[in-house]
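Take these sequences, add in the hints, and give me the full structure.
Note that the sequence shown covers residues 27 to 425 in the numbering used here.
Here are the simulated DSS-like pairs of lysine-lysine, each with C-alpha atoms no more than 27 angstroms apart in a straight line: (1) 107 to 80; (2) 410 to 114; (3) 160 to 410.
Label-pair restraints from in silico Cβ distances: (4) 354 to 403: 29 to 37 angstroms; (5) 173 to 286: 38 to 46 angstroms; (6) 280 to 330: 19 to 27 angstroms; (7) 173 to 66: 48 to 56 angstroms; (8) 37 to 362: 48 to 56 angstroms; (9) 262 to 296: 17 to 25 angstroms; (10) 168 to 316: 42 to 50 angstroms; (11) 62 to 410: 22 to 30 angstroms; (12) 417 to 173: 54 to 62 angstroms.
Just so you know, the hints here were simulated from the structure itself, not pulled from any lab data.
Backbone N, C-alpha and C fix where the C-beta goes; we use that ideal spot for every residue, glycine too.
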Amino acid sequence: MQMPGFAVPEALVTEILSKLPVKSLIRFNCVCKYWCSSFQTPRFISKHYHNNLKSNNLNPVLKRFDGNANLAYFSQLSVEKDENFLVKQNICLPFFMHDSPFVWGARHGLFCLHSSCMNGEEVAIWNPSTREFKILPPSSVQRPTYPGLTCDLVMFDCGAFEFDFKTDDYKFIRFVTLCFVDSECGIESPDDVSQVELYSLKCDSWKEIPSPNYRPFDSDLSNNCLDGICSWKIIIGNSPYEKVMILSFDMANEKFSVSPILEFVGFFLKTNIEVLVFNGSVGVLVYPVEGIDKSFDLWVINGGVWTKQFSIESIPGVVNPLGFWKNDELFLLNTNYEVVLFDPSTHELKVLGINTYLDHHREYVSLFFYVESLVPINGIQEHKDHIIRQLVGNASNKY
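Below, the structure written as structure tokens:
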């Protein structure tokens, strides 16, 4: 007896598929041409991403630096229950050989990687889920020239990668400092020159925008962008009258603005102030520079009013924060070069067993979070000259 046919509604199929991991969707590309083409539509890409976002499917990636091999790499951490953030995969970056690249932004599942070497202009956008890699073209922005002076050094101080909702475009902003020397005697000029460059993924090109004449501080916590606006800490004024402010850049209108920061966070030379986005609000994480028993205050601003979210008093043996996890848990690096997780509700400090002592420099250790996405970047598939993935056997953390 032949069973009657049963057709699954197309909307239901789309809903089910939009909740699957990217790896599964890539395998399903060969099932039928319709599925393959539908996975590439803006509507499906957006639905898939927002389903992951709604489910809070965050993927932590630890940036590290092997001092023995002089090579930067990422460790992808498992979020499976009871695996305690095991390192499941190491990702080497031969494109940035002998360099520990800046990671500016993980917007919509995309990483923007920038060389940290002096005069190093290499920039790439990378989707770790689809394994697409795009090398950005060299900047076409002209450097200023001055009689009797030669540009001796180009430094890329800070940057951010964010989505412009107005133009449906991904943009990358970077701050450039130019250092000059006397063309005849080689003596360094006391005056630096600042430029700001903006890259558009849609146009695949660079342009110069007016500089705010402030030199922002890059945040160690990586998540400093919200709804198309990027924020950094700046210091204005001269000693002893310096003030800490927030410099913001709106990707839509491509304008800068400066806003005051709360004045009761403490003297900035003795206090670290990290600008970040926390639960949908711009905020600052404040903690002392010295000492190994750290206390942390988290403030957020809404409607121009600063509000303290919480205080964490005296976490023993920690050096610096790495980022917030779900339920306001805080990743930190301790004095033993181990990654630890602090739960503010129970005050439990859990050692995750991820040793970074071989990384040699704590400043190279940072943590980033991304949500899987299908966002295309018009690049190429990962190549061994750019990205090399190495699975960690038996989910071991000992390496």
